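Going down the list, the sequences are from chains A and B. For the first sequence, the positions run 311 to 577 when our numbering is used. For the second sequence, the positions run 690 to 1072 when our numbering is used.
Calculated directly from the structure, the hints in this document are not laboratory data. This one's a predicted model, so the numbers in the text were calculated from it and none came from an experiment. Any given hint could turn out to be false.
Said to hold, decoys possible - Only pairs whose alpha carbons sit at most 30 Å apart, straight line, appear in this in silico DSSO-like list of lysine-lysine:
no.	chain 1	residue 1	chain 2	residue 2
1	A	K552	A	K534
2	A	K361	B	K709
3	A	K508	B	K735
4	B	K735	A	K342
5	B	K709	A	K342
6	A	K512	B	K735
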Amino acid sequence: MHLIVGVKHVPDADTRLRVDPSGTTYDPDGVKFTINNTYDEATLEESLRLKDGNPGTTVHVVSVGPPRAEEGLRAALAMGADEATLVEVGTGTELDPLLTARLLAAVIRGIPHDLVLVGRQAADDEAGQVGSALGHYLGLPSAGYVTGLEVDPASKRLHIKRYVEGGEETLGMEFPAVLSILKGANDPRTPTLPNILKARRKPLRKVPVGDLLPALETWPGGAKPTSRVTAFQLPPPRAGAKILEYTSPEEAAGKLLAALREEAKVL
Amino acid sequence: MTIGFELTPEQRDLQALAVKFAREEMEPRAAECDRKGLFPEDIYRKAWELGLMNLNVPTEYGGSGLPLLDQCLITEALAHACGGMTTSILANCLALQPINLGGTPAQKERFLRPFCAQYHLASFALTEPSGGSDAGALRTRAVREGDTYILDGEKCFITNAPHASLFTVFATVDPQRKHEGITAFVVPRDSPGLTTGRDEDKMGQRASSTSTVRFEGVRVPVENRLGAEGEGFRLAMKTLDSTRTPIGSLAVGIAQAALDHAVRYAQQRTSFGKPIAEHQAIAMKLANMAQGISAARLLTWHSAWLVDQGDRATLESSMAKCFSSDMAMTVCDEAIQIFGGYGYMRDFPVEKLLRDAKLCQIYEGANEIQRLVIARELLKRYA
Ligand SMILES: Cc1cc2nc3c(=O)[nH]c(=O)nc-3n(C[C@H](O)[C@H](O)[C@H](O)COP(=O)(O)OP(=O)(O)OC[C@H]3O[C@@H](n4cnc5c(N)ncnc54)[C@H](O)[C@@H]3O)c2cc1C
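Go ahead and model the full structure; you've got the sequences and the hints to work with.
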């Protein structure tokens, strides 16, 4: 079985972002990037578990991103993926989620794939569009909000658990297919020291975005983004904390209760 | 040749792994293990699972096979979270190095491979109650009887001994011959007559475990002897030449933690209307601490680099160990001073750092002995 996993190199959750001078994105300067965004990491772990359970399975990680995204792919290789492809974009290239999906589809077409797995959404732009668009561009069935996954390679059938509002749905599908993963069953593994060293020697192919764009001209949507971010703002700073004045513990507890009940409305 | 200080992508990856392990697994438990003197074996097991334990054993025998510089990077990162746990994680490197250096391929196959394939701890047993610095005068006897040696004697202050499954032991086949009689053996824990004492109640590094080891008529087959009779002293010294440098890194890691705490505290704590970091006396302390740490780190990197080039680096490794551990004591002392009264309290993290750092001046050759070595090497160069 050949699994393809799409990952995105995104700012670490602990990083404080600043708006860049263009006002349409964050300033990448000084930002620590990672693939450890909940959805991608869970997707990768889910794929590696399929690999562990089904001998002969390979995991190929694919990313569209700037040169630094190579480090994200190396981290995926250290977790246990077998090979990697980076669609390398320069700082001048404008992307939107659908163009990203077309670029991914263009490279994935050239790689054997039984299952294509992506995180439900990227932790930076949270657009959540790549999974279903990828199914569309690859001409494959797709399912989203996947929370559990069983594969029968012999019959090429999948049993999928999906999150639905207020419950869970079990779905039977045939592959090849595209799945976007909401969460995995297991904690993502920490790469071991020998695997980290091995990851540097695993194959990592770089495809300049310019090699793919001409072919996209004839695709629906074409080789240009169809949406553009016009403004990017940080959330307004939160209102300051309120300090209660009191003279006795009883009074403090009473005032606190009242505040929680009437102002914060959490009780 | 050029000098490069830039780490390779692999080295940065290894460092990141160690930093993550230190932050997520070690640090949250460090204070409790220190207070209660707990030996967190689950953490050591995880370290082994990730490949952070047998760093110096060649990969062909199941170790991580890292150059010394990489070992130092990992050691510093781990020690930032807990010096005691780091000592216990590093103890395998010390105990197995005599086998790496002095074992035959058959011995490496027999001892290292099964040892590294599972979680196991090993201990390096050189020091004796009658003296550690004068290792040539050790008293544990090894008497040959046919195809076995019979070991009798006692070792003390042996790291991880209560939990170790393998010991590298230094004993003498003839006390009259002093250094020339010392011989190295690999002794499995289950050898009849081998017992370990109670866990010592230590000043610091309390997440590590330390005890005596007694040998009473312990029979050790000749195949477990490392090298020839009388080669043990040289083997011990060669071992320590390569394990001293990481002790320097361990001290640097502790000192860096002290500086990190001190800077953060000094920026928050105010007196006379401003953060204490803006009082020049405190700012000067921070500057001195940072300088000491940088100098010590570079000494450890240089020494490790020399060892990785195949150099003996006796002088440089002694400097790295001695300077770094003295520096760490000064830096931890200053960190406590910057914390004022809170620094003296167990609820704050800095007094532990001082207690942990102190050991680095004592073990793997006390600093007085390091200075003797440095002076001897120095004087040779002027002879
Ligand atoms: C927590 C801990 C863990 C340890 N782990 C291990 C281990 O795993 N394996 C192991 O084999 N050992 C271990 N040791 C032992 C350690 O290496 C010795 O304590 C150290 O070598 C000093 O020996 P000593 O304690 O007998 O002191 P001594 O040798 O008695 O020295 C006492 C003092 O005199 C000084 N001194 C001695 N000779 C001279 C001289 N010629 N000139 C100037 N000053 C001198 C020393 O520097 C020291 O300050 C450990 C020790 C501790 C505390």
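**Request:** Quickly compare the C-alpha distance for B:K735 and A:K342 to 30 Å and report which way the hint goes.
**Result:** Holds, at roughly 26 Å.
**Asked** If you draw a straight line from the CA of A:K552 to the CA of A:K534, is it 30 Å or shorter?
**Response** violated (50 Å)
**Prompt:** Are the Cα atoms of B:K709 and A:K342 separated by 30 Å or less?
**Reply:** Judged against 30 Å, a Cα distance of about 14 Å means the pair holds.
**Message:** Please verify whether A:K361 and B:K709 have alpha carbons no more than 30 Å apart.
**Reply:** The hint holds at about 26 Å.
**Request:** Compare the distance between the alpha carbons of A:K508 and B:K735 with 30 Å, and conclude whether the hinted pair is satisfied.
**Result:** holds (20 Å)
**Message:** With the threshold set at 30 Å, check whether the alpha-carbon distance from A:K512 to B:K735 stays at or below it.
**Reply:** With a Cα-Cα distance of about 25 Å, the restraint between A:K512 and B:K735 holds, given a limit of 30 Å.
Going through the hint list in order, the structure does not satisfy hint 1, though it satisfies all others.
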